[in-house]
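Asker: Chain residues, written in single-letter form:
Protein chains: 2
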Amino acid sequence: MTTSNRLDQRLAQIRQCMEAKGIDAVLLTDPNNSYYVSGFRAISYSRPIVYIIQRDETAYVIPDLEKEHAEQEAAADDFFIYHESAQYAERETSFTALLNTILEDRLKGCVIGLEMDLTSASLYQLVKDMGHPIKDIGEDLIAMRAVKDDDELYWIEQAGRLSDIALEASFAHLNSGMSELEFDAYGDRKLLQTVSEEFPNIIAGFENWTCSGVERSSQPHLYSSTRVFMDNDVVVHSRQVWINQYRAENERTFLLGEPTDQQKHYLQLAIDAQKAAMKTVRPGVKAKDVDMAAFRVFEQAGMSDYIQHRTGHGLGLSEHEEPYLRFDNDLVLQEGMVYTIEPGIYVPGTGGFRHSDTVIVTKDGSRRVTYFPGELEDMLF
Amino acid sequence: MTTSNRLDQRLAQIRQCMEAKGIDAVLLTDPNNSYYVSGFRAISYSRPIVYIIQRDETAYVIPDLEKEHAEQEAAADDFFIYHESAQYAERETSFTALLNTILEDRLKGCVIGLEMDLTSASLYQLVKDMGHPIKDIGEDLIAMRAVKDDDELYWIEQAGRLSDIALEASFAHLNSGMSELEFDAYGDRKLLQTVSEEFPNIIAGFENWTCSGVERSSQPHLYSSTRVFMDNDVVVHSRQVWINQYRAENERTFLLGEPTDQQKHYLQLAIDAQKAAMKTVRPGVKAKDVDMAAFRVFEQAGMSDYIQHRTGHGLGLSEHEEPYLRFDNDLVLQEGMVYTIEPGIYVPGTGGFRHSDTVIVTKDGSRRVTYFPGELEDMLF
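Chains as they are written, first to last, in the UniProt record's numbering: chain A, 1 to 381; chain B, 1 to 381.
Isolated chain A (complex conformation):
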């Protein structure tokens, strides 16, 4: 299927959702959702960008500096530009004024669909003040994006393979005395070199979060720091790699020097919980079944008090997306869904213990896209 066909299909799908909800026009502002439907993604900080989907046409509202980029890549019938140079002072220079005009004119009387969790309160208020009824379209996009097509799966698999290569490079240079950020950097450089060799003219990137030592590893979510690895540290290294917009996640907990028996026991539990969760996965099981499979491993060991987070999250275009593998999520897994499996326990004074791998739901089970070794004996340095 060509890119253009894929985008047409997604547009048709979102228009079915609009039809079902009585929405006349959708205003997308989330960069991932916009990319998913239009094929265009901007680096967006202070300049708002809106993708407008009506029943029979589409348009982008964009700052002047994205004009050429959007015209090249976006599936859109029209482009509305706002400017920020004195040269174009006589044209439209205000995003808000431009959107107001569009709402009054092109979208007159329309019921508007917004991504309620992702769009800003000010956009919501602007649309509301113009008299438009508003409905949520966010949940529809979440559901659409949760099941990946073959092209998306291809890139997620590449991201997974590349993340393995990055981890291999970081671990090859591991030594006590290096900082968390230096450990990350070895993986980064190998990743960027490899992707440059293998994939001409493509965009790619990464994010890392490495937490070393008993105190930092006990906190699941911290930025990598210049803290230096020391003997007997527990280290949780997390990496996401993205290529052509699609992501994989790869995380390993490792033990330096002479870990205590308790630390080895807890890491083994995290490994066992991850395996139990992985075994559960196939189309038809619920998100909560996967979470509970991991939970029971910790519970049987008397360690369930130390669980701080769900077993995993979907990923693809976003760092976190559906399906969320939570004990209370009745979502039924389908072929083509992608998520992390990363049960963990965090024991104050002892450390944090969590591996994360990225998994695709297949026709009759699942397959991993990350394979970096993670048995206990692989994790002792």
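Do not take every clue at face value.
Stated by the list, open to error - A partial selection of chain B residues facing chain A, derived with a Cβ cut-off under 8 Å:
(1) D64
(2) L65
(3) H69
(4) A89
(5) T119
(6) L181
(7) L192
(8) Q193
(9) V195
(10) M292
(11) F295
(12) I307
(13) Q308
(14) H320
(15) F327
To be clear, the hints were calculated from the coordinates, so they are not data collected in a lab.
Here a beta-carbon is modelled for each residue, glycine too, at the ideal position from N, C-alpha and C.
Position chain B relative to chain A; hints supplied.
Answerer: Then chain B, alone, in the frame of chain A:
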């Protein structure tokens, strides 16, 4: 001034804004604003975090996995936790339900301040549906954050110095045949090594955007790719470095092989426009004066049609923040403001031309925090 005093001062300042606007409680969701006032910043994807500021107390609404982190770092009187493990199924497991309870109980009858441009439509609707009047507090935080204190300026200067070191490393390895991402990677590794040597136990990071060749450099805002540098390329290399949360930006346009006279002329114009803008800066001038100083250089050369963006943006905690150096911004510059100066022109078929440096407004002028050489002769390779 200690961190704790600084946070107290900011809290007092925001409470003055609340008083003036008749706001009883502020709900902050932007990670930068929350960090600015509370000293705590989480890595936040799918789990909402809210910092609540009342006239006489403060609280955080956080997911379980941020509990220890928040209790260590956040200036908050209370912590409301929501859970996502079956172990805690009997406690609060829904962010929305938890916030609803807080709005009904602790914040009963309160006028609520929200960051309208940064908070989600669904949070806005939730607060509205609970019957609370809503006012915007975003503009007050923008104004507070626009003027940096000595501690913030210290970290911005360190970020600037580190960005120079990164650029030096990238340029030292520059050769035709390397990819944009490989060029970035040399700077990354040197940066992370240097920051590890110089600053123990600190967080730091970076972002790069490198656009090479006539076509890509003509588009101001693209992700770095695996496109390989070729003879006679125009390359725009952009880097932001952050340390201890604070950022500097450093960008250079360079010419490989044998550039045309036109390309050299355009780069010289961008350099001249940047210098003209820099010379304009001192307390009391308006943001638009700086923009127009750059504009006039391009205009006099007959090139103002090719300007696609303003002359610069503030920075600090965020990639882009006030003051925006736009032709229509009457904001008066004050000592302690920090922004980029980066006028550029983008000429289809010829390339894009833009340097960016980070500048602090001083008592009687300005000083740069980025010094990487940028004269035309420095930029020919």
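Asker: Now tell me, hint by hint, if it's right for this structure.
Answerer: Verification of the supplied hints:
Among the interface hints, the one on D64(B) holds; its C-beta lies about 5 Å from the nearest C-beta in chain A, closer than the 8 Å criterion. Taken as an interface hint, L65(B) checks out: its beta carbon lies about 4 Å from the nearest beta carbon of chain A, inside 8 Å. Restraint check, H69(B) versus chain A: the minimum CB separation of about 5 Å is within 8 Å; hint holds. At about 7 Å, the closest approach between the beta carbon of A89(B) and any beta carbon in chain A falls short of 8 Å, and the interface hint on this residue holds.
Interface restraint check for T119(B): the shortest CB-CB distance to chain A comes to about 5 Å, inside 8 Å, so the restraint holds. The interface hint given for L181(B) is met, as the beta carbon of that residue sits about 4 Å from the closest beta carbon of chain A, less than 8 Å. With 8 Å as the threshold, the beta carbon of L192(B) comes within range of chain A, its nearest partner Cβ sitting at about 4 Å, so the hint holds. Among the interface hints, the one on Q193(B) holds; its C-beta lies about 6 Å from the nearest C-beta in chain A, closer than the 8 Å criterion.
The criterion of a C-beta within 8 Å of any C-beta in chain A is met by V195(B), whose closest approach is roughly 6 Å, and the hint holds. Annotation: M292(B) was flagged as interfacial toward chain A, and the flag holds, the nearest CB pair being 6 Å apart, inside 8 Å. Hint status for F295(B): holds, given a least beta-carbon distance of 5 Å to chain A, under 8 Å. With a least beta-carbon distance of about 4 Å to chain A, the hint placing I307(B) at the interface is held under the 8 Å criterion.
Proximity of Q308(B) to chain A holds as hinted, the smallest CB-CB distance being about 4 Å (cut-off 8 Å). Interface hint status for H320(B): upheld, as the beta-carbon distance to the closest one in chain A is roughly 4 Å, under 8 Å. Residue-level restraint check for F327(B) holds (minimum Cβ-Cβ distance to chain A is 4 Å; threshold 8 Å).
Violated hints for the displayed structure: none, as all numbered hints are satisfied.
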